[in-house]
Structures are given as C-alpha cells and as structure tokens.
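Working from the sequences, and respecting the hints, build out all of it.
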Amino acid sequence: MDQENNSGVTEFVLHSLSGSRELQLFYFAFFTLFYLSIVLGNLLIVLTVFSEPSLHTPMYFLLSNLSFIDVCLSTFATPKMIVDFLVEHKTISFEGCMAQIFFLHVFAGGEMMLLVAMAYDRYVAICRPLHYATIMNVRKCISLVVGSWLIGVLHSVSQLVFTVNLPFCGPNRVDSFFCDLPLVIKLACTDPFTLEALMLSDSGLMATCSFVLLLASYTVILLTVRRHSSAGMAKARATLSAHIAVVTLFFGPCIFIYAWPFSSLPVDKFLSIFYTVFTPLLNPLIYTLRNKEVISAMQKLRHRQVRS
32 MDQENNSGVT
42 EFVLHSLSGS
52 RELQLFYFAF
62 FTLFYLSIVL
72 GNLLIVLTVF
82 SEPSLHTPMY
92 FLLSNLSFID
102 VCLSTFATPK
112 MIVDFLVEHK
122 TISFEGCMAQ
132 IFFLHVFAGG
142 EMMLLVAMAY
152 DRYVAICRPL
162 HYATIMNVRK
172 CISLVVGSWL
182 IGVLHSVSQL
192 VFTVNLPFCG
202 PNRVDSFFCD
212 LPLVIKLACT
222 DPFTLEALML
232 SDSGLMATCS
242 FVLLLASYTV
252 ILLTVRRHSS
262 AGMAKARATL
272 SAHIAVVTLF
282 FGPCIFIYAW
292 PFSSLPVDKF
302 LSIFYTVFTP
312 LLNPLIYTLR
322 NKEVISAMQK
332 LRHRQVRS
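In the working numbering, each residue's number is its place in the sequence shown (first place is 1) plus 31.
Rather than coming from a laboratory, the hints here were simulated on the basis of the structure.
We treat Cβ as the ideally placed atom computed from N, Cα and C, and that holds for glycine.
One or more of the hints may lead you astray.
Unchecked claim - Listed below are the simulated DSS-like cross-link pairs for lysine-lysine, each with C-alpha atoms no more than 27 Å apart in a straight line:
#1 Lys323 to Lys171
#2 Lys111 to Lys217
#3 Lys111 to Lys121
#4 Lys217 to Lys121
What the hints assert, rightly or not - Distance ranges between label pairs, derived from CB positions:
#5 Gly178 to Leu253: 20 to 28 Å
#6 Arg335 to Val251: 39 to 47 Å
#7 Lys217 to Arg159: 43 to 51 Å
#8 Leu74 to Leu54: 26 to 34 Å
#9 Val188 to Pro110: 18 to 26 Å
#10 Glu119 to Val251: 51 to 59 Å
#11 Ile326 to Asn196: 47 to 55 Å
#12 Val243 to Val184: 17 to 25 Å
#13 Leu78 to Asn168: 18 to 26 Å
#14 Phe57 to Thr225: 40 to 48 Å
Shown next, in the form of structure tokens:
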C-alpha cells in the first residue's frame with residue numbers, strides 16, 4: 032500500500048457522534064459497557080457450545096460461529112470510537128482507514144452469509160426433519176462456515192482493490208466514527224459516480240439479495256410451522272419472528288447505506304451503529320440466551336468451574 036504515490040492524504044479526521052463534551056463522556060461510559068457486554072456475552076456462548084457435548088449440533092455450531100464473528104464485527108471500530116470520545120483530535124492513519132474498510136466488509140459479508148446458512152439450517156430442520164441429520168452433516172456445517180468467511184474475504188478484497196489506489200488530495204474529514212466506504216470514496220479527487228456504481232453492484236446487491244433470500248426462507252418456514260398448532264410450533268413461530276426482527280435491524284441499515292450510495296445523509300453514521308454495535312449484542316440475546324438448552328449448559332459450566 033503506497034500512499035506516497037496514490038494519495039496526498041496521510042490521515043483522516045473522524046467525526047464523533049456528538050460535539051458536546053458532556054455527551055461524549057456519557058457515550059464513552061455507555062459504549063464501553065455495551066462493548067464489554069458484547070465481547071463477554073458472545074465469548075461465553077462460544078465457550079459454552081465448545082465445552083458442552085449436548086450442544087455439539089449443527090444449529091449451535093453455526094450460532095457459536097455467529098457469536099465469534101459478532102465479536103470481530105464489534106471490535107474493528109468500536110474500541111477506537113470509545114477512545115476517541117476522550118481525545119480532542121480524532122484521527123486515523125491512511126493505512127488504518129483502509130484496514131477498517133477491509134475488516135468491516137470481511138466481517139459484515141461473512142455474517143450475511145452465516146445468517147443465510149443459519150436460515151438454511153432451520154429450513155431443513157423444520158421442513159425436512161427426516162433428512163436433517165443426513166443433509167446437515169459435519170462436512171456440510173464446516174463448508175457453510177468456511178464458505179461464509181471466504182465470501183466475506185473475497186467481497187472485502189473486491190471493495191478495497193479500487194479504494195486503496197484512489198487519489199486522496201483533500202478534504203480528509205470522514206463524517207462517521209469509522210472509515211465507512213461510501214463516505215471515504217466521496218473524498219477521492221475523482222468523479223465518485225463510477226465508484227458508487229461499483230459499490231452498489233457489490234455491497235448493495237449482496238446485502239439486498241441476502242436479505243430477500245432470508246425473508247423468503249423464513250416465510251417458507253413460517254408457512255410450514257403455521258400448519259401445526261402444537262405448543263412447540265407456537266414457540267417456533269415466536270422465535271422465528273424474533274429472528275426476522277434482528278435480521279431486519281442488521282440488513283436494514285446496510286441496504287440503506289450501500290444500496291443508495293449516491294446521497295449521503297447525517298443519519299448514516301447513526302445507522303452504522305446498528306450493524307456494528309447493537310446487532311452483535313442482540314444476536315446472542317435473541318438467538319441463544321433465550322434458549323433453555325443454552326442456559327442449562329451455562330449453569331453446568333458454572334457448576335464445573337465452582338467445583339474445580
């Protein structure tokens with residue numbers, strides 16, 4: 032990455048969520064607590080699934096990977112945002128900015144694919160229960176997770192390859208708490224229309240197609256569940272409804288920001304918080320911590336730790 036040849040900008044200035052010193056101190060305490068909750072909650076889920084044999088199933092294997100990627104997604108920018116609440120000059124180096132763009136799209140792209148894989152797992156479990164063990168074998172589960180990461184990396188590289196070589200000659204102020212691609216390419220000393228069209232055909236299309244596919248999958252599952260009136264199916268309907276709500280909170284801001292990149296709105300940086308900070312905490316609450324099997328496994332893990 033040779034910034035000397037491609038850019039006169041060596042660093043970018045990030046904007047805080049608020050210019051008020053009092054609010055920044057409040058945000059520092061609030062997001063520090065929030066971030067610690069994300070990391071501890073998700074790592075606890077990973078540890079519980081790994082240590083409890085009864086949770087060694089395809090569903091929990093995918094959920095533990097979701098928890099891990101949520102830790103990654105919340106870590107690429109949130110710690111710096113928290114530190115920036117305490118400093119006056121909020122800057123990031125050119126290399127650091129490109130790194131944030133890269134990791135954002137690796138983790139967000141990987142999470143999109145993992146959510147699709149989880150919807151597929153639920154579809155097979157509910158719509159084809161007799162074939163579930165055959166279809167969702169160990170090899171298939173590992174392939175789904177590895178494929179999610181590979182797609183995330185390829186997606187991120189495709190975004191970064193045209194961004195890193197852009198000529199940046201000023202201004203260098205990014206109207207967000209991290210280097211978000213739509214905002215960074217607007218700072219390039221070139222016509223952004225082609226770049227925004229490329230981003231629309233990549234990130235925007237990926238987010239929109241994944242969201243539509245998820246909604247279609249959940250619709251089929253809900254229609255299948257609806258034909259049964261048992262208490263278990265009623266619980267499944269409530270759980271799936273919660274899943275749809277979380278998926279909407281994750282994909283909604285992504286689609287709004289990346290599918291309409293030709294205009295930048297002040298609300299964009301607040302929407303970014305949903306899929307980088309809020310959703311990584313909602314995922315374990317909705318997908319895992321409401322589950323009796325997981326809670327029971329956590330209690331067993333705690334008892335083992337106390338006895339040891």
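Results of checking the hints against the structure:
Of the supplied pair hints, the one linking Lys323 and Lys171 holds, its CA atoms being roughly 26 Å apart against a limit of 27 Å. With a CA separation close to 22 Å, the supplied pair Lys111 and Lys217 stays within the 27 Å bound. Distance restraint check for Lys111 and Lys121: the Cα-Cα separation of roughly 9 Å lies within the 27 Å cut-off, and the hinted pair is therefore satisfied. Using a Cα cut-off of 27 Å, the hinted pair Lys217 and Lys121 holds, with the two alpha carbons roughly 19 Å apart.
Look at Gly178 against Leu253: about 26 Å separates their beta carbons, and that is inside 20 to 28 Å. Judged by the Cβ atoms, the range 39 to 47 Å given for Arg335 and Val251 holds: they are separated by roughly 40 Å. Separated by about 47 Å at the C-beta atoms, Lys217 and Arg159 satisfy the suggested range of 43 to 51 Å. For Leu74 and Leu54, the hinted distance range of 26 to 34 Å is satisfied, since their beta carbons lie about 30 Å from each other.
As the Cβ distance of Val188 to Pro110 is approximately 24 Å, the hint placing it in 18 to 26 Å holds. For the pair Glu119 and Val251, the supplied restraint of 51 to 59 Å holds, since their beta-carbon distance comes to about 53 Å. One distance hint, 47 to 55 Å for the beta-carbon pair Ile326 and Asn196, holds here, with the actual separation near 50 Å. One distance hint, 17 to 25 Å for the beta-carbon pair Val243 and Val184, holds here, with the actual separation near 23 Å.
Our hint of 18 to 26 Å for Leu78 and Asn168 holds, since their Cβ atoms are close to 24 Å apart. Checking the proposed 40 to 48 Å range against Phe57 and Thr225 shows it holds: the Cβ atoms sit about 41 Å from each other.
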